Amino acid sequence: MNFLQKVFSRERPAVEDTRPTAPGATYPFNLNSLPRGLTVARMSDIGRQRERNEDCFVALDITLHNDDGLTPLGLYIVADGMGGHQKGEIASSVAAQVSARHVIQDVFLPFLSGHDQENPHRPINEALIQAVQSANLAVYQQAPEAGTTLTVALVFGHKVYVAHVGDSRAYIFNQATLHQITHDHSLVARLVELGQATPEEVLTHTHRNVLYRAIGQGNSLEVDTYLKSFPVGSYLLLCSDGLWGMVSDTEIAQILTHAPTPQKAVEQLVAAANQNGGEDNITAVLVFIGES
Amino acid sequence: METLHLQMANEPEDTSTGLDEAILPQGAILQGRYEVIQVLGLGGMGAVYQARDLRFTGVARLCALKEMTNTTPDPQMRRMAIEIFEREANILASLNHPAIPKIYDYFTEGIRSYLVLECIDGENLENLLSKTEEMFSPNVVVDWGIQICDVLSYLHSQDPPIVFRDMKPSNVMLRSGNQIVLIDFGIARVFEAEQKGTMIGTEGYSPPEQYRGTSNPKGDIYALGATLHHLLTRRDPRLEPPFTFQEEPPRLLNPAVSEQLNAVVMKSLQYDPEKRFASAEEMKAALAQCLRKKSKEPTGIAVDSPSPMVTRHIELEAADLPADTTAGPVSRDAGVLPVWEFKCEDEVRSSPVVAGGTVYVGAYDNNLYALDAQSGNFRWKYPTEGGIASTPSVWKDRVLIGSEDQVLYAISCAMGRILWTCPTQGRIRSSARVEFEHAFFGSDDYRLYAVNAQTGRMVWRFEATGPIRSTPAVGNEIVYIGSEDHHLYAVDLQTGNQKWKFRANRAITSSPAVSDGLVIFGSSDWNVYALDERSGWTIWRTRTNQAVISSPRVVEGIVYVGSADGYLYALDAGSGRQLWKFDAGSQIVSNPAVSADAAYFGTIGGDVISVYIKSGKERWRFKTGGLVASSPFVYEGMVYIGSADHKVYALPA
Chain A
47 MNFLQKVFSR ERPAVEDTRP TAPGATYPFN LNSLPRGLTV ARMSDIGRQR
97 ERNEDCFVAL DITLHNDDGL TPLGLYIVAD GMGGHQKGEI ASSVAAQVSA
147 RHVIQDVFLP FLSGHDQENP HRPINEALIQ AVQSANLAVY QQAPEAGTTL
197 TVALVFGHKV YVAHVGDSRA YIFNQATLHQ ITHDHSLVAR LVELGQATPE
247 EVLTHTHRNV LYRAIGQGNS LEVDTYLKSF PVGSYLLLCS DGLWGMVSDT
297 EIAQILTHAP TPQKAVEQLV AAANQNGGED NITAVLVFIG ES
Chain B
68 METLHLQMAN EPEDTSTGLD EAILPQGAIL QGRYEVIQVL GLGGMGAVYQ
118 ARDLRFTGVA RLCALKEMTN TTPDPQMRRM AIEIFEREAN ILASLNHPAI
168 PKIYDYFTEG IRSYLVLECI DGENLENLLS KTEEMFSPNV VVDWGIQICD
218 VLSYLHSQDP PIVFRDMKPS NVMLRSGNQI VLIDFGIARV FEAEQKGTMI
268 GTEGYSPPEQ YRGTSNPKGD IYALGATLHH LLTRRDPRLE PPFTFQEEPP
318 RLLNPAVSEQ LNAVVMKSLQ YDPEKRFASA EEMKAALAQC LRKKSKEPTG
368 IAVDSPSPMV TRHIELEAAD LPADTTAGPV SRDAGVLPVW EFKCEDEVRS
418 SPVVAGGTVY VGAYDNNLYA LDAQSGNFRW KYPTEGGIAS TPSVWKDRVL
468 IGSEDQVLYA ISCAMGRILW TCPTQGRIRS SARVEFEHAF FGSDDYRLYA
518 VNAQTGRMVW RFEATGPIRS TPAVGNEIVY IGSEDHHLYA VDLQTGNQKW
568 KFRANRAITS SPAVSDGLVI FGSSDWNVYA LDERSGWTIW RTRTNQAVIS
618 SPRVVEGIVY VGSADGYLYA LDAGSGRQLW KFDAGSQIVS NPAVSADAAY
668 FGTIGGDVIS VYIKSGKERW RFKTGGLVAS SPFVYEGMVY IGSADHKVYA
718 LPA
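These protein sequences, in sequence, are chains A and B.
At position 202 of the first sequence (counting the first as 1) the number is 248 in my numbering, and the numbers step up by one without a gap.
At position 616 of the second sequence (counting the first as 1) the number is 683 in my numbering, and the numbers step up by one without a gap.
Some clues are possibly wrong.
Unchecked claim - Derived lysine to aspartate or glutamate pairs resembling EDC-like cross-links, with alpha carbons at most 16 Å apart:
| no. | chain 1 | residue 1 | chain 2 | residue 2 |
| --- | --- | --- | --- | --- |
| 1 | B | K568 | B | E551 |
| 2 | B | K566 | A | D114 |
| 3 | B | K690 | B | E408 |
| 4 | B | K198 | B | D303 |
| 5 | A | K274 | B | E623 |
| 6 | A | K274 | B | D583 |
| 7 | B | K566 | A | D113 |
| 8 | A | K274 | B | D639 |
| 9 | B | K684 | B | D664 |
Claimed, not checked - Every beta carbon over 12 Å from chain A, so not counted as near; a handful from chain B, in silico:
| no. | residue |
| --- | --- |
| 10 | M147 |
| 11 | G483 |
| 12 | W647 |
Calculated from the structure, these hints are not laboratory results.
Note that the structure is a prediction, hence the values are computed from the model and not measured.
All residues carry an ideal CB built from backbone N, CA and C; glycine is no exception.
Just chain A, same shape as in the assembly (with noise of 0.2 Å):
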């Protein structure tokens, strides 16, 4: 029965998971039975009325233990395609790849080669920005009529980097409470910023599907960055708008709290999601931190 429910997990309702929280509610698992540092679950379907996934993710992490402890270090990208003819698949991947290659390079390597005091490395935050730059070239060199979101979100530490384009969106899930770190580019997220349009409108606005900013649509571009600490016990969700446009924060919040694991919970998501229309493609990318 348990191996059955497993299995169609995906169809059930996501009213199960979705129990109203109890205030100072904690993760159903023990946190100290979680491995040490990045733990991550990740997750991409199609939705319900697409014929086609545009969104692209990437998630690559490394553990160095030495006399320093433990410092984990996580690369997590999603983007979100878009344009006809096949050309937001493109778009999106493209853009992923590039992206993820630069924060490699200048990132990942210089990290693995240790301290070199008279090469210094290149700062974090343009690193991440010089990465979006690239990703915008390529994209606009590649696939010139389509575009993509990009958001990559670097772990290092207790510290997650974000560098961000489009509406896509990058969260903190702390002691029970979702904090999105991103900004949505698009002409709703404006309006409410002006008052014209009330924060719950954002999800059935007519216009909610127009981005001012996103990848591939010129030679320049500006990349938004941010730097939040990233506790032990948390949660970091990087997701594409099939997710958070399907899946209200409340009942994301939920979710990830009574999910038994990261891996579970992004599941849970994704049905939610589907639950409720699956209009869009849904990527959800969750990476919890343990102690270090």
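Position chain B against the provided structure of chain A, taking the given hints into account.
This is chain B only, laid out in the frame that chain A set:
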């Protein structure tokens, strides 16, 4: 006629369209009457053609054919769309204004509907923008604006009012004689299918309320404001985040725009419709006012700097200030006068510290002074053997101060008597930081010292390869210190062993600040750096245009730091992104202090300046008689600071 749809003049490259959007070839005849001559343009709904009306056999009468493809699949919906189209075409046919093209006819063939319009010989303003590079003369743009207001006013006064809804440069034609004509009356919108999926790009000129589905005359006023903004500045609003005009007034981007014109454009661009002009007529009057003002100027060319007359007037006013006739310091703002001032015997480069109602400050006259914070009355002084450049540090009942005589002193707060001394091998310009009962300070002997603050006994010392003039910061079990040897060192607080070091390209005299896992400091290599506290990895760096000797102050995620380039910078602590910079007009080596909504700092030019931390705008400025390398200390509504004019000042914050 059916065959026309199958003939394609030239297959449009790479579109997702099929036969539906095929372009009519040259020579195609519609309704047995209109012969296509050429394609004038391609729009979202279909093409615009230049055609010849064959009914006029004697003359070549030209007209424009605007094509709209009806893509609604539902036949009933399609019929409804055609009805609305015809109704609106009839309304437009009844209009009569020189800036509105005449409608001669309309008809529908299959899935396409056509308007037959007066042929306008000219160019639209968007093309004009892309063909030119120089800024348009503001007067010319104002003239266009007045003409547009006139036609909008005509439309809005119809019963019911007609809202243009799509004001933008590409919908404004300029025909000979600088005459404006509006094109594209938005009736094509009837056929717009709702688009699915994520799209990129916004219309750029539309008012915020239009996205709620409301369109009214106030929306046209906003869109006209956006159009004028684009014409005056060449800043294309479609390439910017939507609704960001308020952040970039035209005058900021084009100094030739007068204050008055700037104000008119910004009023029309208010996000709240109620704050815009009440009518196009009112906006027209305001624009006309700008022209009138302009014509009084002798040259007729826009002037961006104030005229000499005005400048002289201001100077006279300043000279008339009564403060100038008194012996006291001159303040440009009569509102800021010192509550008290105390004169030492030499320059005051040390920064005051206030504790227990007493101001402690060192001077180049060798003394450490203790003054009453309220009155500035002298309490005691302690003479060292050298000038004092460092800042006192108060811990419990004692004040610690380093001197050019190479010694660190612990002096009792109450009596000004010596408690202990710690001699070093070099001048002490670094100030002591006391944490965990220990004082950490650097010396020109290249060493960082850790001394028991109670007894003065040395616990460890760390050796750098150059003088240490920066003041240490203490983080999580780590002491951070900059050196003239270009390095920032992270030293274990317990052992004095190096954890990591970072190399800048020049000296690090600026004192590090620790905030939220980052170590932030400036360097003489012109950069402000933020390093990861634990690993020393560079997180960001932001370049100024001169050496950064000033030490950053981090308050609520914002880094405030001065530079020798004469600017005070406000940077986002997470990314190093500049939020604003303030032009102080003179080098800044003083460390800014932040209290409530204001930042305070001194300049080499001798000013003490206060700026609003939200906007980076000046609050007040106080002129001292010497350079101000001292850093302000804000305490209970007062700012305490020293100057090379030998004085310590207490100013109202």
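Between K274(A) and E623(B), is the straight-line Cα distance small enough, at 16 Å or below? The hint holds at about 14 Å.
Pairwise hint evaluation, E408(B) against K690(B), where the allowed Cα distance is 16 Å at most: holds, 13 Å
Are the Cα atoms of K198(B) and D303(B) separated by 16 Å or less? With Cα atoms ~14 Å apart, K198(B) and D303(B) stay inside 16 Å; holds.
Given pair status - E551(B), K568(B), alpha carbons within 16 Å: With a Cα-Cα distance of about 13 Å, the restraint between K568(B) and E551(B) holds, given a limit of 16 Å.
Pairwise hint evaluation, D583(B) against K274(A), where the allowed Cα distance is 16 Å at most: Within the cut-off at roughly 9 Å; holds.
K274(A) and D639(B): Cα distance at most 16 Å? Holds, because 12 Å separates the two Cα atoms, which is no more than 16 Å.
Please confirm whether G483(B) is truly not at the interface, meaning its C-beta sits more than 12 Å away from all C-beta atoms of chain A. holds, 44 Å
Holds or violated: K566(B) to D113(A), with C-alpha atoms at most 16 Å apart: It holds: about 12 Å lies between the C-alpha atoms, which stays within 16 Å.
M147(B) remote from chain A - nearest C-beta pair above 12 Å: M147(B) clear of chain A: closest Cβ-Cβ about 19 Å, beyond 12 Å.
Given the hinted pair K566(B) and D114(A), is their Cα-Cα distance within 16 Å? With Cα atoms ~10 Å apart, K566(B) and D114(A) stay inside 16 Å; holds.
For W647(B), is the shortest beta carbon distance to chain A beyond 12 Å? holds, 17 Å
Quick one, are K684(B) and D664(B) close enough, alpha carbons at most 16 Å? This hinted pair holds, its Cα atoms lying about 11 Å apart.
Every hint from the earlier list agrees with this structure, and none is contradicted.
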